[in-house]
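Assemble the whole structure, with the sequences as input and the hints as a guide.
The chain contents come next:
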Amino acid sequence: MALANFQFILILALVGIALPFIGVGVAWLLRPKKPNKLKTSTYECGVETYGDAWSQFKAQYYLFALIFVIFDIEAVFLFPWAVAYGGLGFYALLQALIFIFLLFDGLVYAWKTDALSWQ
Amino acid sequence: MPIIPLSWFLLVGAGLFSIGLYGALARRNAVAVLMGVELLLNAVNINLVAFNRYIVPAQVTGQIFAIFVLAIAAAEAAVGLALIIAIYRTRDTVNLDEIDLLKG
Amino acid sequence: MNIFEFIRDPSQIGPWFHQLLLSAGMQEWVANLIGDVIGVLLIVGAVLTSAIFLIWLERKIAARLQDRVGPNRAGPYGLLQTLADIVKLLTKEDVTPDGADRVSFNLAPALMVMQIIMVAAIIPISAGLIGANLSVGLLYFIAMSGIASIGALMAGWASNNKYALLGGFRVVAQLLSYEIPLAFSLLAAVIWTGTMATNNLAMQQGELLFGFIPGWNILVMPFAALIFFIATLAEGERAPFDLLEAESEIVAGPNIEYSGLKFAWFYLQFFVNSLLLACIFTTVFLGGWQGPFVDQFPLLGIVYFFVKSLLVLLALMWVRATYPRLRIDQMMTFCWKVLVPVTLVVVLIVAIGARITPDRSINAVIISGANIVALLVTLGIIGRSLRRDVQRRKAALPGRSTAQV
Amino acid sequence: MEFTFLHVIFLAVAGFTLLCGLGVVVSRNLFHSAIWLIGAFAGVAAIYWLLEAEYLAIAQIMIYIGAIATLIVFAIMLSRGMMIGRAKMNNFQAGISAVVGILLFALLAFILLQVEWPVVQQAVVADPIPMMGQAFVTTYVIPFQVIAVLLSVALVGAIMIARER
Numbered sequence: 018m019a020l021a022n023f024q025f026i027l028i029l030a031l032v033g034i035a036l037p038f039i040g041v042g043v044a045w046l047l048r049p050k051k052p053n054k055l056k057t058s059t060y061e062c063g064v065e066t067y068g069d070a071w072s073q074f075k076a077q078y079y080l081f082a083l084i085f086v087i088f089d090i091e092a093v094f095l096f097p098w099a100v101a102y103g104g105l106g107f108y109a110l111l112q113a114l115i116f117i118f119l120l121f122d123g124l125v126y127a128w129k130t131d132a133l134s135w136q
Numbered sequence: 058m059p060i061i062p063l064s065w066f067l068l069v070g071a072g073l074f075s076i077g078l079y080g081a082l083a084r085r086n087a088v089a090v091l092m093g094v095e096l097l098l099n100a101v102n103i104n105l106v107a108f109n110r111y112i113v114p115a116q117v118t119g120q121i122f123a124i125f126v127l128a129i130a131a132a133e134a135a136v137g138l139a140l141i142i143a144i145y146r147t148r149d150t151v152n153l154d155e156i157d158l159l160k161g
Numbered sequence: 115m116n117i118f119e120f121i122r123d124p125s126q127i128g129p130w131f132h133q134l135l136l137s138a139g140m141q142e143w144v145a146n147l148i149g150d151v152i153g154v155l156l157i158v159g160a161v162l163t164s165a166i167f168l169i170w171l172e173r174k175i176a177a178r179l180q181d182r183v184g185p186n187r188a189g190p191y192g193l194l195q196t197l198a199d200i201v202k203l204l205t206k207e208d209v210t211p212d213g214a215d216r217v218s219f220n221l222a223p224a225l226m227v228m229q230i231i232m233v234a235a236i237i238p239i240s241a242g243l244i245g246a247n248l249s250v251g252l253l254y255f256i257a258m259s260g261i262a263s264i265g266a267l268m269a270g271w272a273s274n275n276k277y278a279l280l281g282g283f284r285v286v287a288q289l290l291s292y293e294i295p296l297a298f299s300l301l302a303a304v305i306w307t308g309t310m311a312t313n314n315l316a317m318q319q320g321e322l323l324f325g326f327i328p329g330w331n332i333l334v335m336p337f338a339a340l341i342f343f344i345a346t347l348a349e350g351e352r353a354p355f356d357l358l359e360a361e362s363e364i365v366a367g368p369n370i371e372y373s374g375l376k377f378a379w380f381y382l383q384f385f386v387n388s389l390l391l392a393c394i395f396t397t398v399f400l401g402g403w404q405g406p407f408v409d410q411f412p413l414l415g416i417v418y419f420f421v422k423s424l425l426v427l428l429a430l431m432w433v434r435a436t437y438p439r440l441r442i443d444q445m446m447t448f449c450w451k452v453l454v455p456v457t458l459v460v461v462l463i464v465a466i467g468a469r470i471t472p473d474r475s476i477n478a479v480i481i482s483g484a485n486i487v488a489l490l491v492t493l494g495i496i497g498r499s500l501r502r503d504v505q506r507r508k509a510a511l512p513g514r515s516t517a518q519v
Numbered sequence: 238m239e240f241t242f243l244h245v246i247f248l249a250v251a252g253f254t255l256l257c258g259l260g261v262v263v264s265r266n267l268f269h270s271a272i273w274l275i276g277a278f279a280g281v282a283a284i285y286w287l288l289e290a291e292y293l294a295i296a297q298i299m300i301y302i303g304a305i306a307t308l309i310v311f312a313i314m315l316s317r318g319m320m321i322g323r324a325k326m327n328n329f330q331a332g333i334s335a336v337v338g339i340l341l342f343a344l345l346a347f348i349l350l351q352v353e354w355p356v357v358q359q360a361v362v363a364d365p366i367p368m369m370g371q372a373f374v375t376t377y378v379i380p381f382q383v384i385a386v387l388l389s390v391a392l393v394g395a396i397m398i399a400r401e402r
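Residue numbers (this note's numbering), protein chains in the order written: chain A, 18 to 136; chain B, 58 to 161; chain C, 115 to 519; chain D, 238 to 402.
Be aware that one or more of the hints could be misleading.
[What the hints assert, rightly or not] If you only want the chain A side, here are some residues facing chain B, beta carbon under 8 Å, derived:
{"no.": "1", "residue": "A76"}
{"no.": "2", "residue": "Y79"}
{"no.": "3", "residue": "L83"}
{"no.": "4", "residue": "V86"}
{"no.": "5", "residue": "I90"}
{"no.": "6", "residue": "V93"}
[Claimed, not checked] Calculated lysine-lysine pairs in the DSBU-like style (CA-CA distance at most 30 Å, straight line):
{"no.": "7", "chain 1": "C", "residue 1": "K451", "chain 2": "A", "residue 2": "K129"}
{"no.": "8", "chain 1": "A", "residue 1": "K51", "chain 2": "C", "residue 2": "K202"}
{"no.": "9", "chain 1": "A", "residue 1": "K75", "chain 2": "C", "residue 2": "K174"}
{"no.": "10", "chain 1": "A", "residue 1": "K50", "chain 2": "C", "residue 2": "K206"}
{"no.": "11", "chain 1": "C", "residue 1": "K206", "chain 2": "C", "residue 2": "K174"}
{"no.": "12", "chain 1": "C", "residue 1": "K174", "chain 2": "C", "residue 2": "K202"}
{"no.": "13", "chain 1": "C", "residue 1": "K451", "chain 2": "C", "residue 2": "K508"}
{"no.": "14", "chain 1": "C", "residue 1": "K508", "chain 2": "A", "residue 2": "K129"}
{"no.": "15", "chain 1": "A", "residue 1": "K51", "chain 2": "C", "residue 2": "K174"}
{"no.": "16", "chain 1": "A", "residue 1": "K129", "chain 2": "A", "residue 2": "K75"}
{"no.": "17", "chain 1": "C", "residue 1": "K508", "chain 2": "A", "residue 2": "K50"}
Keep in mind that the hints were calculated from the coordinates and are not lab data. As the structure is a computational prediction, the values presented were derived from the model and not from experiment. Note that the Cβ used here is the ideal one computed from N, Cα and C, for glycine as well.
Printed below as a string of structure tokens:
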């Protein structure tokens with residue numbers, strides 16, 4: 018079953034990634050191609066572009082990604098637990114409560130240190 | 058029934074491990090080294106899951122181990138990259154052979 | 115197999131076709147491969163055609179809501195407008211800006227399209243009529259939205275444009291943040307139904323509570339459904355969460371340097387993504403294809419499913435056409451300080467509530483009540499903190515009227 | 238041994254994974270390294286799926302591509318200029334590392350082709366996800382809670398380190 022699904026998803030992924038390129042290929046046959054210096058310059062609201070864009074950005078974005086990663090892993094652990102939950106005893110609920118509580122702790126810490134507010 | 062021989066999976070794991078090792082040892086940039094380490098962990102996970110599938114197919118032990126490795130890899134990446142960002146902020150470089158503060 | 119059987123239960127067509135290929139003397143794997151390829155092509159075709167219809171629908175409805183007419187020149191009611199747009203986009207010059215990173219610049223739109231096509235595989239439009247009923251269904255859906263955020267980040271970086279990069283950062287910060295409440299409200303539904311596979315989720319909701327109330331998850335956990343709906347607005351990048359394309363601030367988001375068909379792919383992803391999110395909402399909370407007489411006539415499931423999904427989509431459009439845009443700090447604060455803690459509370463309510471009595475119907479009533487209480491408490495807390503905020507600002511700005519605060 | 242269509246799929250997936258892995262370590266542009274890395278992660282996810290570990294494959298995509306790769310890309314962008322190919326991407330021990338890598342692979346390949354693995358000809362369990370969920374809160378409950386502690390400590394530590402002061 019898993020392998021049958023795998024073949025389907027694999028074909029889907031390949032078609033999904035190929036389709037945009039096919040579309041762009043068709044458009045390449047149809048469209049005009051006359052680039053010039055002004056056309057291919059970087060857009061910056063009509064002013065001359067200064068430097069390239071690959072400059073430094075705020076660490077704030079990184080902090081949000083960081084908290085996200087931790088919660089994402091929590092989800093990976095909790096989803097199988099949720100599926101099995103119907104057949105498990107009270108003990109399972111207790112363990113999951115402790116698990117969620119421990120991670121809630123991390124969120125509270127982030128809140129208290131102002132990592133969650135956008136500066 | 059498994060059709061593909063077990064050793065094929067193990068060979069892929071070994072290949073990925075060697076590539077990751079090269080990346081972790083040879084690169085100067087700290088982020089690139091971290092990417093090499095992630096490849097190493099992935100290679101190990103392939104072996105765990107392959108052994109699970111071929112030797113104890115009635116259990117899920119190997120998969121559970123692999124999930125734990127996944128979680129630890131994520132924690133490692135999060136802290137490691139935070140360190141790299143902090144070092145970059147103070148030292149303005151992420152090249153490991155220039156970060157030698159402990160050498161004094 | 116006769117035609118009436120098909121009409122009664124369209125999901126029979128897959129196995130029937132497989133048998134047909136086998137009886138024609140094909141090998142098992144060739145038959146499987148052909149079946150899969152046809153299935154994939156059907157999904158891709160459905161995605162592309164639905165996009166054409168959706169873009170027209172959205173423009174028309176948004177126009178009506180804002181007291182305009184909307185597209186009305188090409189074809190009756192402007193129905194051919196999207197086709198005209200496609201022709202235009204196909205024949206537009208495709209400009210790659212100087213200094214762009216060509217590999218990632220071309221890969222980014224492909225990833226965006228790949229995401230919606232992959233997600234479309236797990237939508238059950240009728241009993242058993244589904245691309246692949248994965249046992250990991252909902253988690254697969256969450257995992258795929260990660261691909262979209264990588265695509266947006268790639269587009270932003272590759273363009274070598276400051277607005278694009280800033281837009282990319284913003285959209286990724288938004289998508290990542292709102293993925294947490296999204297995932298955890300789904301977790302609440304999984305705890306209650308005990309399965310992640312999308313078709314089984316819809317099937318489970320066919321149970322009747324007390325013998326007559328449909329066991330849809332929105333009735334059992336209205337608050338979780340509301341959280342999922344809000345997260346849907348953000349994941350679909352719709353107003354009031356459409357910060358990434360804040361025209362007045364960062365021009366248009368990560369796809370600013372894209373033109374021609376590559377831009378069209380971003381556009382397509384936006385519209386189809388909304389439909390898919392509405393479909394997931396329908397499947398998880400509104401009982402999917404469940405409805406009266408669906409057991410006798412599975413074909414009715416398709417009708418029910420699309421009616422429900424389009425209603426959800428209409429709600430999404432309504433919100434989009436009505437509300438103004440949030441500021442980025444408001445948006446992030448709302449996610450992390452309101453939605454995430456509240457979602458964890460809802461998960462706990464559902465987990466505990468599912469265990470209180472051995473009778474599922476009574477548990478459902480308890481969970482539902484606790485959900486509504488939690489919703490009211492949350493609204494109360496938000497209201498109080500907003501009032502305090504306004505008062506603090508009033509105190510900080512003496513001599514000004516509240517209108518300016 | 239019979240050569241089936243599944244073998245072809247496996248070889249394609251394995252080749253893709255190793256190619257992407259090589260791309261990660263030889264690419265001069267750090268952002269391109271990250272893109273190759275995403276490809277390698279996807280390839281490993283496909284290998285898990287070929288091993289009929291559907292859940293793990295999705296967890297791999299969710300955590301590695303959705304979360305870790307995003308973190309890495311963010312970190313690359315936060316450190317200005319470090320992704321543009323500078324003069325040297327490798328350090329002085331690159332040559333030795335390459336030799337070590339090739340030797341290690343040869344050794345591992347030699348060993349694992351010699352060993353007679355005790356393979357069990359049996360189908361996998363029909364429904365592994367509830368089994369995993371159950372194992373988390375019974376057999377592996379201590380690692381489960383330790384992971385929770387580890388994650389919250391990692392969160393606190395990383396916030397402390399990365400915060401701008």
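Now for the hints, and whether the structure bears them out:
1. A76: 6 Å, holds
2. Y79: 6 Å, holds
3. L83: 5 Å, holds
4. V86: Constraint on A/V86 satisfied, holds at 5 Å.
5. I90: Since chain B brings a Cβ to about 5 Å from A/I90, closer than 8 Å, the hint holds.
6. V93: OK, holds: A/V93 within 8 Å of chain B, min 7 Å.
7. C/K451 - A/K129: Holds. C/K451 to A/K129 sits at ~11 Å (cutoff 30 Å).
8. A/K51 - C/K202: 17 Å, holds
9. A/K75 - C/K174: 40 Å, violated
10. A/K50 - C/K206: Distance of about 9 Å is within 30 Å: holds.
11. C/K206 - C/K174: 25 Å, holds
12. C/K174 - C/K202: Between C/K174 and C/K202 the Cα gap is close to 20 Å, so the pair holds against 30 Å.
13. C/K451 - C/K508: With Cα atoms ~23 Å apart, C/K451 and C/K508 stay inside 30 Å; holds.
14. C/K508 - A/K129: 25 Å, holds
15. A/K51 - C/K174: 35 Å, violated
16. A/K129 - A/K75: Satisfied, since the Cα-Cα distance of roughly 20 Å is no more than 30 Å.
17. C/K508 - A/K50: 58 Å, violated
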